[in-house]
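A.B. asks: Here is what each chain is made of, one letter per residue.
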Amino acid sequence: MTFDVIVVGAGHAGVEAAHAAARMGCHVGLCTLSTDTVAHMPCNPAIGGTAKGHLVREIDALGGLMGRAIDATGIQFKLLNRSRGPAVWSPRAQADKKRYADWVRTALGQEPNIAWILGRAGRILATAGQIRGLALETGERLLCSSLIVTTGTFLNGLIHVGREQRSAGRVEEPPSIDLAESIKALGFQVGRLKTGTPPRLDRRSIDFEGQVEAGVFVEERGDSEPTPFSYQTRRRLENRISCWLLHTNDSVRELVRNNIDESPLFNGQIKGIGPRYCPSLEDKIMRFPDRDRHQIYLEPETIGGDEIYVNGFSMSLPREVQEKLVHALPGLEAARLIRPGYAIEYDFVQPTELTPTLESRRVKGLFLAGQINGTSGYEEAAAQGLIAGINAARTARRAESFVLGRQDAYIGVLVDDLVTRGCLEPYRMFTSRAEHRLLLRIDNADLRLTPRGREVGLVGDEHWDLFERRRRRYEHNTCVLNQTLIRLDSGQRQTASQLLRQPDIRLNALVNDRKVVLDVDPELPDFDLATLETTIKYAGYLEQESSRAERARRSDRRRIAPQFPFEQVPGLSREVVQRLQQIQPGTLGQAARIPGMTPAAIAVLGVFLNRLGQPATRT
Amino acid sequence: MFSSDDTIVAIATPSGRGGIGVVRISGPNATAIAVQVLTRRQALAPREATLTRIRADGGSSRRPSDHAIVTWFPAPHSYTGEHVVEISTHGSPVVLRGLLGSLVAAGARLARPGEFTFRAFLNSRIDLAQAEAVADLIDAATPLQAQMAFDQLEGTLSARIEALDRKLLDLIARLEASLDFPEEGFHFIEPHEVATRLGDVIDELNAVLSHEARGRLIREGATVVIAGRVNAGKSSLFNALIGHERAIVTDVPGTTRDFLTETIDLDGLAVTLVDTAGARETKDEVEREGVARAIRARDAADLLLVVIDSAEELTEDDHRLIDSDEGHARLVVASKCDREPKWERTEAIRVSTTRGEGLDDLRCAMLRSLTGQEGLRDPAAISNVRHVMLLKEARAALTHARTAINDAGAPEEFVLADLHRARTSFGEVVGVGSSEETLDYIFRHFCIGK
Chain A
490 MTFDVIVVGA GHAGVEAAHA AARMGCHVGL CTLSTDTVAH MPCNPAIGGT AKGHLVREID
550 ALGGLMGRAI DATGIQFKLL NRSRGPAVWS PRAQADKKRY ADWVRTALGQ EPNIAWILGR
610 AGRILATAGQ IRGLALETGE RLLCSSLIVT TGTFLNGLIH VGREQRSAGR VEEPPSIDLA
670 ESIKALGFQV GRLKTGTPPR LDRRSIDFEG QVEAGVFVEE RGDSEPTPFS YQTRRRLENR
730 ISCWLLHTND SVRELVRNNI DESPLFNGQI KGIGPRYCPS LEDKIMRFPD RDRHQIYLEP
790 ETIGGDEIYV NGFSMSLPRE VQEKLVHALP GLEAARLIRP GYAIEYDFVQ PTELTPTLES
850 RRVKGLFLAG QINGTSGYEE AAAQGLIAGI NAARTARRAE SFVLGRQDAY IGVLVDDLVT
910 RGCLEPYRMF TSRAEHRLLL RIDNADLRLT PRGREVGLVG DEHWDLFERR RRRYEHNTCV
970 LNQTLIRLDS GQRQTASQLL RQPDIRLNAL VNDRKVVLDV DPELPDFDLA TLETTIKYAG
1030 YLEQESSRAE RARRSDRRRI APQFPFEQVP GLSREVVQRL QQIQPGTLGQ AARIPGMTPA
1090 AIAVLGVFLN RLGQPATRT
Chain B
6 MFSSDDTIVA IATPSGRGGI GVVRISGPNA TAIAVQVLTR RQALAPREAT LTRIRADGGS
66 SRRPSDHAIV TWFPAPHSYT GEHVVEISTH GSPVVLRGLL GSLVAAGARL ARPGEFTFRA
126 FLNSRIDLAQ AEAVADLIDA ATPLQAQMAF DQLEGTLSAR IEALDRKLLD LIARLEASLD
186 FPEEGFHFIE PHEVATRLGD VIDELNAVLS HEARGRLIRE GATVVIAGRV NAGKSSLFNA
246 LIGHERAIVT DVPGTTRDFL TETIDLDGLA VTLVDTAGAR ETKDEVEREG VARAIRARDA
306 ADLLLVVIDS AEELTEDDHR LIDSDEGHAR LVVASKCDRE PKWERTEAIR VSTTRGEGLD
366 DLRCAMLRSL TGQEGLRDPA AISNVRHVML LKEARAALTH ARTAINDAGA PEEFVLADLH
426 RARTSFGEVV GVGSSEETLD YIFRHFCIGK
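If you read the sequences in order, they're chains A and B. Position in the first sequence counted from 1, then plus 489, gives you the numbering used here. Position in the second sequence counted from 1, then plus 5, gives you the numbering used here.
Incorrect hints may appear among the rest.
Simulated crosslink set (DMTMM-like; lysine to aspartate or glutamate; CA at most 25 Å straight-line) [what the hints assert, rightly or not]: (1) B/Lys347 / B/Glu321; (2) A/Lys1004 / A/Glu964; (3) B/Lys397 / B/Glu198; (4) B/Lys172 / A/Glu924; (5) B/Lys397 / A/Glu924; (6) A/Lys760 / B/Asp445; (7) B/Lys172 / A/Glu727; (8) A/Lys587 / A/Glu727.
Quick caveat, the hints were computed from the structure, so don't treat them as lab data.
Bound conformation, chain B alone:
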């Protein structure tokens, strides 16, 4: 149920990449929660924009990470009529999601779709005509319905969760039937089947959740960082991929001192290419700063293209780049492959920008790496943070149920308590079930009764 006495938080700016992103907190504890993610210790002054640094690490460490402007709008003179704190910071999705995580860790709840408008309406900040969205929300049987109209991707997700929910309903109905109709003379489900079917649902839920990251990529785009030694051909590759000259390409090592970015369309996926300065020891201060930035840029990458000149022997720097166990996905690009190769590695994609060779292979590999095996044609991916959270709750409940069956031999009614919990979470994504629904299902599918 919607409650209106807790503190909610959400990203207020449209998803995707913008220069500035705003995270909005509303509720009785808005200020108390907000100050926990700020480095500034002083209390916030009403209606005063304050520059501070924020912790946007999802609550995992206390390291301040970014600048932000924070404003407190005390109740009742705010958008929602409650205490509202707005944090404006970098538009980077990484930063915004991290900030959201920190705020949730500090005690805020992720807002449901339309919940800010809803609260504004409750507190008479807007009338109903202004809040048509709220009217729809009140009429919508499911939260997702309200969103589906303008969100095709989530619609596909909803279909997939619904299919999962049906499977779970079938399992629940069979278990419930065996409890409520023990004298029918047959099993509604064989005991060993329960764990198997539960396993199937968990596997499928895992598959949906593993696409979480992909869903985010689809919505917000991916960042691909080109890295490598100086003069390895990074800028040539950058230009080849964007299809026109943007980076200055010379034979002089260290030409790219800062980094360049350009967004390309990779088979429907928005990819921001980042060309970074080559890594080398240098005394040039500007260049040194460029190198430092290049290393930071890599941290934000969804995929790293490690470019290595195939016509030169591999150096230690190259090995470090290839074999580094940093968490990024990486592709090794053997550049300048029109020349005599000095090294071979099976995983390397051979590219010649002068001849235009290997670029299609590279694009395919990038796409595969970013989106998983199936490419983008199966977009049942979750990009909504709240849905991810709900589905993870469902998974936890289902896993608990499986443990209860396998290890503790818990009786069905306890296992069912877990399964119903999982269905409640599904219900928040696709619509709410009821005991009546379970009984309907039983009566429709089984001949019950004496």
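If we strip away everything but chain A, and leave its shape as in the complex, we get:
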């Protein structure tokens, strides 16, 4: 069998990659062990959160799946940071993880260009630095122009529960050993990371209402007016479940301390590096001894199902200690443990091996996306899947590469951070990573990216039509606000735009009082209003930011030819040359962001780019 693109793994990266490549007209093979675990959520049953919500909006704006999938199957929605500024509003939703997977599977099923390959990937076939295809463990050989590997935690996965260890990709799923060997054999620089998940409890063993009444749990219901992730969602979203908040206590602290030697994280059993922003219970208690309590959320994983996710309680202590710990939590004295939490170590490929299209420099046509690149999170995975899918399709078609800049999108920040800085711990997106954050808001993700998605062929006619109408409304409304004069109490008249620059004047109020008449989307008025209000109210800041972004864009336009002879640039120290050779930056801007570069080194490089930078001969 021959494909344009083969995708290994059907997690959040794999499905976006397969979907994008198929939509762009490629014949795609999607290789997975079982269709039951497509778009699976092995950890937190939720999508979005700070900065992650931005990524989902951007995926949606470009024509990806994730935003529509979560809107269709979300069971509780919340806009984080609602009380703060517009650049940090971030949607988050609890997912019904079963229905989410069903939705994605159905969406993929509707793409005639996608063929399922059910089986275990064994070996990457490459000759002379060019991808040829994929061999399954059965020995079957599949040929392709581009191969996208999205294996998550499966590469040499090793699960730890107390002193007990077993090889696994996820709980009860076998790891990928052969594929891991194949990747190492190709010469990739491989590291080891760790992540973890909390225990699951049986809903039927917990008296939620009683504990709320007793003041032990706090019920959380979600926003009264949920904000959708997708610009294409045309219906009102509903919250269908509650979550519950409780806190750890002294007994939990004592239990962890007394059993810390049993924790593979603290007894030396685990070598991989875990994420600091998502610490295990052991870490929280041992590293922050002064905190007397920590938040725990109880979150249903599906509607009608019995599994409760214990958010904030991830650990790798022995099962019997986990049971004691759960029972030590207030209100959970009688809770039944369905599955213990665990830690998992897995191999990842240092993403500095990749170019900004997520193609490996070592093997042309081989793309890596998702957790294999050292990231954590479904959203980070999906975003990479999308970029890898688009570029794999373009490579198969010999078309130009598709790269988003740090000034364009959080996705651009994500990919640039990965390929320029590499990973020392599992990488999660934060708004503070985006230096042009003020420009990268959820309210303008479509204005920033939908034209780009249309260009590559991912945005369908219906989506494009919605977008065009929204853009026209935005332009029209901007004119209206600049032209409408409003009489003040003082008798003076000011345009609505001038008025809006005052801190206490809100666009909502002007519209409600009929001071201005705008053309807003009756179904999603907030999108329209947020963009208008922000661009007018913070025009000063945004202009300043835009000019900073433009300056950055200029140095990102100064290309460095592949195989540029960095060693011939006089004056660069050996360390700097080594770093440059290792990262192979594609632009002067990227070179400047490599850790350890000095401004002077970059200035020298900039000058010699012109002098030595005649396009190097391709080998």
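Mind docking chain B on chain A? Use the hints.
C.D. replies: For chain B alone, kept in the frame of chain A given last:
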């Protein structure tokens, strides 16, 4: 980042007092910028030393102030390989700084340390072996590091800015954490605390900047001008302060016709004492010129010692000198206090040069006046023009942030844009931070995560 396509300017001669000072301009617009500060209208001829007058008033007025010799070295045959204009003029720091200000106002950028050598290297005017300084510069993580080795004073400044930068980082990290981790169940910082902490940083930055002048004094020395009526005892005081006879002291009024200068060490501070002719109406042309010069000398003074004979009634001239609201710091010295006093003023320092009385008091007062309350033992002072400029930029950004919080109620991410701008300026003085640094700080100090 270093850029190499704009025009830079710096004082090329060592700081401190020399007879001649050179200001060097390099870059594509070197000549266009230079002619804006010259009175000469004609274009400069290549490689030809031209005598002209310059405007060295920091760009504030168009009044020509000094003679200078100007030479244009066209690219590529110049020190840096770019168009270079050198202006040689009086070595006075006042003149040189003023000239620098005029050139910046005309469109030049103050050069970073080593930037001329750096450009020379870029344009292959020198090889790397000759430009070891450049190699150090390329390796140095911060511009200041390159300078610190031979600049102890700036090192102290760097420590102080670093401490300020840490405070700002803490504030930024707390604000960033509250944006990126809104669901932790506690505040990383209380809203009212933000403005308070910001205020603290601004106050401290103000304190550092207020020592700007002092830093310059430390590096370049101070000028103290002795003024007063004829025969008030100025020359006696001058001799007493320098510790030997230099001025001719007689009872004949108007003996000091020109002015005398001598440099003394005032507790570590180099002070140039200037003894001027006494102010009085005179027909003697030489003496009249001396008086005129005395008045000009006062303009350049960091401190004026107004000497008044305590044994004579105060005249109108004396009152004028004491109460003048000219911008100078001044000390009133009641001289000849071994005689019967005819007037008393609380601020006057009573001195008798014949008995050696009151001289220590005077020295202390001079030092206090020149260096501020703390004396010279706390030398966290900025004397580098570029650092002053950067710190002022930081202050402007911080002040903008404070206004945004207090008056406009701007959301945190906008305030943070200002704070990050301020940190970028700090970074140019002490080293560059990154978003990774902020996250590190957050993870180290707060228990984050679910």
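A.B. asks: A/Lys587 and A/Glu727: Cα distance at most 25 Å?
C.D. replies: Holds - the C-alpha atoms of A/Glu727 and A/Lys587 are around 17 Å apart, at most 25 Å.
A.B. asks: Is the hinted pair A/Lys1004 and A/Glu964 satisfied, with a Cα-Cα distance of at most 25 Å?
C.D. replies: With a Cα-Cα distance of about 19 Å, the restraint between A/Lys1004 and A/Glu964 holds, given a limit of 25 Å.
A.B. asks: Going straight from one Cα to the other, do B/Lys347 and B/Glu321 come out at no more than 25 Å?
C.D. replies: holds, 15 Å
A.B. asks: Between the alpha carbons of B/Lys397 and B/Glu198, is the straight-line distance 25 Å or under?
C.D. replies: holds, 24 Å
A.B. asks: B/Lys397 and A/Glu924: Cα distance at most 25 Å?
C.D. replies: Answer holds: B/Lys397 to A/Glu924 is near 23 Å, not above 25 Å.
A.B. asks: Given the hinted pair B/Lys172 and A/Glu924, is their Cα-Cα distance within 25 Å?
C.D. replies: Holds, at roughly 20 Å.
A.B. asks: With the threshold set at 25 Å, check whether the alpha-carbon distance from A/Lys760 to B/Asp445 stays at or below it.
C.D. replies: holds, 21 Å
A.B. asks: Between B/Lys172 and A/Glu727, is the straight-line Cα distance small enough, at 25 Å or below?
C.D. replies: Given that 25 Å is the threshold and the Cα spacing comes to 44 Å, the pair is violated.
The earlier numbered hint that this structure contradicts is number 7, and it is the only one.
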